[in-house]
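Participant: Below, each chain spelled out in residue letters.
2 protein chains.
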Amino acid sequence: MKRGVAGLNEALIGQPGSRAELETPALLLDADRFEASLDRLAQLARLSGMGLRPHAKSHKCAAIAVRQMAAGALGIACAKPGELLALFEAGLTKLMLTAPVSSRLKIDRLTAAAARGLELIVVVDRLELVAAFGASARAAGTHVAVLIDCDTGLGRTGVTTTEDAVSLGRAISAEAGLVYAGVQAYAGKVQHVFDHQERRAANDLANARLTPILVGLRAAGLAPAIVSGGGTGSHLLDFEDGILTEVQAGSYVLMDEGYRPVDFHGTGEPVFDFAMLVVVSVIGHSANGEAIVDGGSKSFAVDGPPPRVYRDGVEIGTIAWAGDEFGRVKTYDGIAPPPAGARLECTVPHCDPTANLHDFIHVVRGERLEAIWPIEARGLSD
Amino acid sequence: MKRGVAGLNEALIGQPGSRAELETPALLLDADRFEASLDRLAQLARLSGMGLRPHAKSHKCAAIAVRQMAAGALGIACAKPGELLALFEAGLTKLMLTAPVSSRLKIDRLTAAAARGLELIVVVDRLELVAAFGASARAAGTHVAVLIDCDTGLGRTGVTTTEDAVSLGRAISAEAGLVYAGVQAYAGKVQHVFDHQERRAANDLANARLTPILVGLRAAGLAPAIVSGGGTGSHLLDFEDGILTEVQAGSYVLMDEGYRPVDFHGTGEPVFDFAMLVVVSVIGHSANGEAIVDGGSKSFAVDGPPPRVYRDGVEIGTIAWAGDEFGRVKTYDGIAPPPAGARLECTVPHCDPTANLHDFIHVVRGERLEAIWPIEARGLSD
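Going line by line, the protein sequences match chains A and B. For the first sequence, position 67 (counting from the first letter as 1) is numbered 101 according to our numbering, and the numbering increases by one without interruption. For the second sequence, position 358 (counting from the first letter as 1) is numbered 392 according to our numbering, and the numbering increases by one without interruption.
What the hints contain is simulated information worked out from the structure, not anything from laboratory work. Hints may be right or wrong, so weigh each one.
Below, computed lysine-lysine pairings styled on DSBU-like, alpha-carbon distance capped at 35 Å [what the hints assert, rightly or not]:
#  : chain 1 : residue 1 : chain 2 : residue 2
1  : B       : LYS128    : A       : LYS36
2  : B       : LYS36     : B       : LYS364
3  : B       : LYS223    : A       : LYS364
4  : B       : LYS128    : B       : LYS36
5  : A       : LYS36     : A       : LYS364
6  : A       : LYS128    : A       : LYS223
7  : A       : LYS36     : A       : LYS128
8  : A       : LYS223    : A       : LYS364
9  : B       : LYS128    : B       : LYS223
10 : B       : LYS364    : B       : LYS223
11 : A       : LYS223    : B       : LYS128
12 : B       : LYS128    : A       : LYS128
13 : A       : LYS36     : B       : LYS364
Listing some non-contacts, in silico: residues in chain A with all C-beta distances to chain B over 12 Å [claimed, not checked]:
#  : residue
14 : ARG67
15 : ALA254
16 : GLU291
17 : PRO339
18 : GLY400
19 : ARG402
Note that CB positions come from ideal geometry on N, CA and C, so glycine has one too.
Chain A on its own, in the form it takes in the complex (with noise of 0.2 Å):
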């Protein structure tokens, strides 16, 4: 039997009307609105002419990856080694890990799969760690394609200048087994904002960091194959400036509240529904009659907007944190509290950290339970 609330929903699958039946607190994907925002990405960036690298640290999902792969994405991008290993494991082949790493031992596990098949792609920012990886690649006798990390107004990691870039790329392409692939260029801080003209300008000043690193390598003889960055939040951006070769888009196929308010197109209309919701049971009511949830902050990732609250379709309010394993249900004006047992579907206060607390996301299409799918890197941010 599965493990947690997926165990007991086991046997919906397939039933009739069994999405409003379902034990909880369950993480829910909504298909339908899932496949709108997999197919809207993946025609975007066709139009465009441009890649997508679809970030799975939104997700840690194998059978979400999948269906990206299968939508035309380049491969997936994992933030962590043990994210990327335990997809590898479920069978995906092309990997990019998109942070630097400090850990032979987790070098070593990298390098051992890609001699296994993965197709890998690494990230560095610093010549100590070209040696690890070109170290560990010989010794596992296999190929590791590396990008020079690129910090572009993050300022987390990766280097600012092109005197630094040209000296790791001449590093990479000099090292026995190492493939020098390109750069990546994260623009973090772009991704949400807002407006769309601030966001535009937030965008051309990181691409105004990366272009002389571009040009500079290309003058070097190190003209990079992949520009690999962007986001969910600046997707159409970069598809117009056409600067990157590939997004990086993670939160896209399931949304949450703290993207919501992005005006991804510049037109004041969601571009993407929300595909992650939580569905929870009221247990009972306080003294004043507000009903009592079983999802807190241990079902929700509290590090973003409150929850919007619908019952059967309708949207009746939003969700206070009433302790780490319940929520209060606040009402909007003239709609009843929900009684004891009434399921509420909710939406996600930020996506990642809430599919991180899930080891299933319950697959509902229309008014039933389709298929419960796991979420194999959940917990493996090492």
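Since chain A is already given, all that's left is putting chain B on it; use the hints.
Facilitator: Relative to chain A, chain B alone:
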């Protein structure tokens, strides 16, 4: 092999110096501090003549619960049926469910466990729930002990009037399959009041709401054998007042930055040291030289004050979040950023949801990794 980072660290158990070599991010339990806190609260309870029923919502770990039982606990409190059943499967047999539920399937799982040897106590706050537990217990051929859930100011679940409490007490007593056992009154709002006198005033207010209910129950021939409540924040007040018969403290064995400012004994001195830590590694540096570590909101629950960071036992700064997988070390004045590969031990903003992020807890004593314990109820907030 154990899942995730614990699998990478298994070979280090018992090795000299292994604490400094852990692969990361890894959840730690400092065994000496844990045992000191375990013993200290157990001793205070003994001196007061009151009971302890430690709350497993904080740690979700059977090995910790077993040690709490060995230190004299009456039983273990659990927030959710999934958490409770996971601890029962792991060998704990005296378990209390501290919140109402609304799922007949979950109720049936609980009574089925009672039929297999679980000494179960549950709480109810409405007549339908009395009937549901009674019917389920009878169908399972077992008996369940039941407490009346009273709201003394938390505003979550529970009755607020003597009339409702007496009505529930009579219904429980009359229901075949149920045994009336007393009252639960959890004063959740009291726990995090920092100042000792203000906390005493808040606890007095909760007691002033509880006392007439207890008097009314006794007058109705429903004298409660159990009056369960309290927590880490109010433990000393509860031991002094003697109104409760037992305290449901949870965080005391782990401790976090959210609880640390609470002046538990009115002495200005810490009572419980930070037994729970997360060890992270420096994976690189930002352009301005800050150390970037491999722990973010997927390794730390971030709903609390920022972690303090220790290197080789010396506090060197705090963490600012740099994405869901990363942190940024803000070193104190005059302290150099640690180099790539350095292991840093961090306190946690909030212990309960942090434990819920990890599959295993690494037990360290001095400079050695002593054991790796599974967190059996991780993710089981159903």
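Participant: Determine for every hint whether it applies to the structure shown.
Facilitator: Here is what the structure says about each hint:
Proximity of B:LYS128 to A:LYS36 is assessed by CA-CA distance (about 25 Å); at most 35 Å being required, the pair is judged to hold. This hinted pair checks out: B:LYS36 and B:LYS364 have alpha carbons roughly 33 Å apart, not beyond 35 Å. For a cut-off of 35 Å, the pair hint linking B:LYS223 to A:LYS364 stands: about 19 Å separates their Cα positions. Taken as a hint, the B:LYS128 and B:LYS36 pair is honoured in the structure, with Cα atoms around 28 Å apart against an allowance of 35 Å.
At roughly 33 Å between alpha-carbon atoms, A:LYS36 and A:LYS364 fall within 35 Å of each other, so this suggested pair holds. With a CA separation close to 27 Å, the supplied pair A:LYS128 and A:LYS223 stays within the 35 Å bound. Among the hinted pairs, A:LYS36 with A:LYS128 is consistent with the structure: their alpha-carbon atoms are about 28 Å apart, no more than 35 Å. Simply put, A:LYS223 and A:LYS364 have alpha-carbon atoms about 32 Å apart, close enough for the 35 Å limit, and the pair holds.
A C-alpha spacing of about 27 Å is found between B:LYS128 and B:LYS223, which places the hinted pair at or below 35 Å, so the restraint holds. Of the supplied pair hints, the one linking B:LYS364 and B:LYS223 holds, its CA atoms being roughly 32 Å apart against a limit of 35 Å. Among the hinted pairs, A:LYS223 with B:LYS128 is inconsistent with the structure: their alpha-carbon atoms are about 50 Å apart, more than 35 Å. For a cut-off of 35 Å, the pair hint linking B:LYS128 to A:LYS128 is broken: about 49 Å separates their Cα positions.
A distance of roughly 42 Å separates the Cα atoms of A:LYS36 and B:LYS364; the hinted pair therefore is violated under the 35 Å criterion. Listed as outside the interface, A:ARG67 is consistent with that label: its C-beta sits roughly 22 Å from the nearest C-beta of chain B, beyond the 12 Å cut-off. Even its closest Cβ contact with chain B, about 21 Å, leaves A:ALA254 beyond 12 Å, as expected for a residue assigned away from the interface. Separation of A:GLU291 from chain B is adequate, the least Cβ-Cβ distance of about 15 Å exceeding the 12 Å criterion.
Every beta carbon of chain B lies more than 12 Å from that of A:PRO339, the smallest distance being close to 14 Å; the non-interface claim holds. Look at A:GLY400: its CB is around 23 Å from the nearest CB on chain B, clear of 12 Å, so calling it non-interface holds up. The claim that A:ARG402 is not at the interface with chain B holds, since no C-beta of that chain comes within 12 Å of its own (minimum 19 Å).
When each numbered hint is compared with the structure, violations occur for hints 11, 12 and 13.
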